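Participant: Turn these sequences into a full structure, and let the hints guide you.
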Amino acid sequence: MRQPGAPNQPASRVEAGSFGADAGALRSTTAIEQVDWRRSPILTAGRWTWAMGTLSLAGVVLFLLCLQFGAQHVGLGDLSRVLIQALRDWRSDREAVGTTGVILLQVRLPRVLLSLFVGSSLAAVGAALQALLRNPLADPYVLGVSSGAALGVSLAMWLGIGGTVLTLSALPLCGFAGSLLSLAVVYRLAASYGRLPVHSLLLAGVILNAILTAVIMFITSIMDPNRSAGMMSWLMGTLTAPAYPALAVLTVYLAVGITVLMRQAQILNLMTLGDESARALGVETERAKKLIYVIAALMTGAVVSVSGMIGFVGMVIPHATRLVLGADHRLLLPASALAGGIYLMVADTVARSLLAPAELPVGIITALAGGPFFLYLLIWRKDRLA
Amino acid sequence: MNQSTNERFSGMEPGRTAVFTDSRNEAVRAFEVQELCFRYASPFDRSAGWTLDELSFQVTAGEVFGVVGPNGSGKSSLLKVMAKVLCPSHGHVRLFGQDLERLSQREVARQLALVPQESLQVFPFTVAQTVLMGRYPHRRERAWTAGFGWDAPDDIALAEQAMAEMDIAHLADRLITELSGGERQRTVIARALAQAPRVLLLDEPTAFLDLQHQIEICSIVTRLSRERGLTVVLVSHDLNLAGQYCDRILMLKDGALFRIGSPDEVIRPEALRAVYGCDVLVDRHPESGRPRVTLPGLASR
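Chains as they are written, first to last, in my numbering: chain A, 209 to 594; chain B, 1056 to 1356.
Where hints are given, some of them may not hold.
Here are some chain A residues the structure puts well away from chain B; computed CB gaps all over 12 Å [said to hold, decoys possible]: (1) W366; (2) A385; (3) L389; (4) A575; (5) A577.
Under 8 Å between C-beta atoms, here's a sample of chain B residues computed to sit facing chain A [claimed, not checked]: (6) Q1160; (7) R1161; (8) P1171; (9) F1178; (10) T1181; (11) A1183; (12) G1189; (13) D1206.
Hint data in this document are derived by calculation from the structure and do not stem from the laboratory. If you're wondering where the values come from, they're calculated on a predicted model, not measured in any experiment. Quick reminder that beta carbons are idealized off the backbone N, C-alpha and C, glycines included.
Facilitator: Right, dumping it as structure tokens:
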């Protein structure tokens, strides 16, 4: 039966008119219309490779560019000389690579790498939370998950847990506990009758954020003033050059987290249909949700413990990526992670170069760029979020 | 081009028929529901009554089974329990002889597809991607690419066929968020067909559809039932639709079974008065002879 209800169908796809003759009769199971899969964007290996390749290439170029900027500009020639020499000798002390080399290898390189990892994690967590909560405005910062982690980390710092040898593992774990707790609270507050309305979720996040921030401020004000200044700047979202062992530990946390999330990509696709539909399609939703929430909290905790509260990366990046590359999480997750890393790397380069030799907290840059985007989504596209 | 597509589809046909037909078709019970009770667990209200109360009935494989009843009589909840989306408080649901509790979600989804009453999607998935999601329970996962691999050619072919059947092939590359209500509903039904189920559960399938697509969906569903032995359980407000297309009808009142049987036995003025609390006219459809419900005219009030 040829459908009159499909007038926008190109003539080439309408097969023979002979089928139209028996109008009213049912179409046989043999397809009359053919789907053109080249035009219809299901995710193919080619598309995936193309998108990820382009992003990786942009990442490498920008990585080399970001290494050049800072308090002291380093030309591409010097940069490549130092990098090659360091890779060849596997040394980064002054005798081997000179003063410029030390600045590059011990200050700038670890910091640029840190910004890459932190940005990727925030974006990957944001993408996963958005799918799970079926809310394109979700992000660890907006939902108060980052503040929960920050509270956990501040408590640990205040009580002096962070000062011990355990620094490497204790702070991320305290952040993890805090973020898991606040995620559970926001979820409970916002859920009503098994649904998560967009606006009640945001409201719950805002309120929790306010309460947690107040507690953090209280802790800061009763702390030793010498330490509280550093903590304030950490809270605003600052990346400081880490030591390589610390960076390695963090990398393990984040790499494991991103890998686990990527393996849930197909399930995340189905979860966007809602719990009931996902279950009916064969997803063990409760198990999947628990796993993804725990991983999201773990990654947020680890990220916040090193960089404080960097806002909006987790919201803006997945959203923009989705607009360009589509909603399939098999591509969206890794592409968001790459794009988030690149975004934070560039933002941090701006933060440390704009007022050089002084530095801005990078959280200010991301909030200034991301906040208006958030408002735009909330105000001009709210009809599509309902 | 067209030739090759047809060949591909006819190539798929044996496998597909095998999914649907069952040699023991006649005697097989698709569903056995025994003393099923269900209520929504609410921590605040322990006194809440049963949403489903001591329901027992059977659905034969290959029949079109209707569930009717007033708002809040538990129709949708019953369908969700039958799809293992909700778990019963007491009692059992058996799907082709196997207790739902003992089957994994995935094993259930390989045999049974649910078309929910409303499906909202806020993310820009295309129609093709949405229909392909129906192949999820059948995907073979490899350890390394679990949750990640690409869609297999047979999965794509089945999704393609389901889309052609629901007349949405021309919408394949459109975003689901941009479709009209009827087009979205047809996409969801196509997704259910792509699941290649033995049982199709439909919750108000025609609620958002215009007349033409209402008729078309009902015809497709009955045809699938006839040709492939697909069992259909259909929840509907529309008594005429249920009377017209269902082999048997279950009428619910306050979560309990009020009457079960052929449309002739269930759709009767006295039953409708008892369940809905209002008087309607019931006569015969001029073509099929099935019962037809008409609202009372102004003159009779």
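Participant: Are the hints correct? Go through all of them and say.
Facilitator: Checked hints:
1. At the 12 Å boundary, the C-beta of W366(A) stays outside the reach of chain B, the nearest C-beta of that chain being 35 Å off.
2. Every CB of chain B is more than 12 Å from the CB of A385(A) (nearest about 25 Å), matching its label as outside the interface.
3. Consistency note on L389(A): stated as away from chain B, and its beta-carbon is indeed over 12 Å from all of that chain's, at 20 Å minimum.
4. No Cβ of chain B approaches the Cβ of A575(A) within 12 Å, the least distance being about 24 Å, so the stated non-interface status holds.
5. Distance check on A577(A): its Cβ is at least 23 Å (rounded) from any Cβ of chain B, clearing the 12 Å threshold; non-interface status holds.
6. With its C-beta approaching chain A no nearer than about 5 Å, Q1160(B) sits inside the 8 Å limit, and its interface hint holds.
7. The closest approach between the C-beta of R1161(B) and any C-beta of chain A is roughly 4 Å, which is under the 8 Å cut-off, so the hint is satisfied.
8. At about 6 Å, the closest approach between the beta carbon of P1171(B) and any beta carbon in chain A falls short of 8 Å, and the interface hint on this residue holds.
9. Given the 8 Å rule on beta carbons, the hint for F1178(B) holds: about 4 Å separates it from the nearest Cβ of chain A.
10. Checking T1181(B) against chain A: minimum C-beta separation of about 5 Å stays under 8 Å; hint holds.
11. The restraint placing A1183(B) at the interface with chain A holds, with a minimum CB-CB distance near 5 Å, inside the 8 Å limit.
12. Satisfaction of the interface hint for G1189(B) is found here, the shortest Cβ-Cβ separation to chain A being roughly 7 Å, below the 8 Å cut-off.
13. With a cut of 8 Å, the hint placing D1206(B) at the interface with chain A holds, because the nearest CB-to-CB distance is about 6 Å.
In summary, this structure violates none of the numbered hints.
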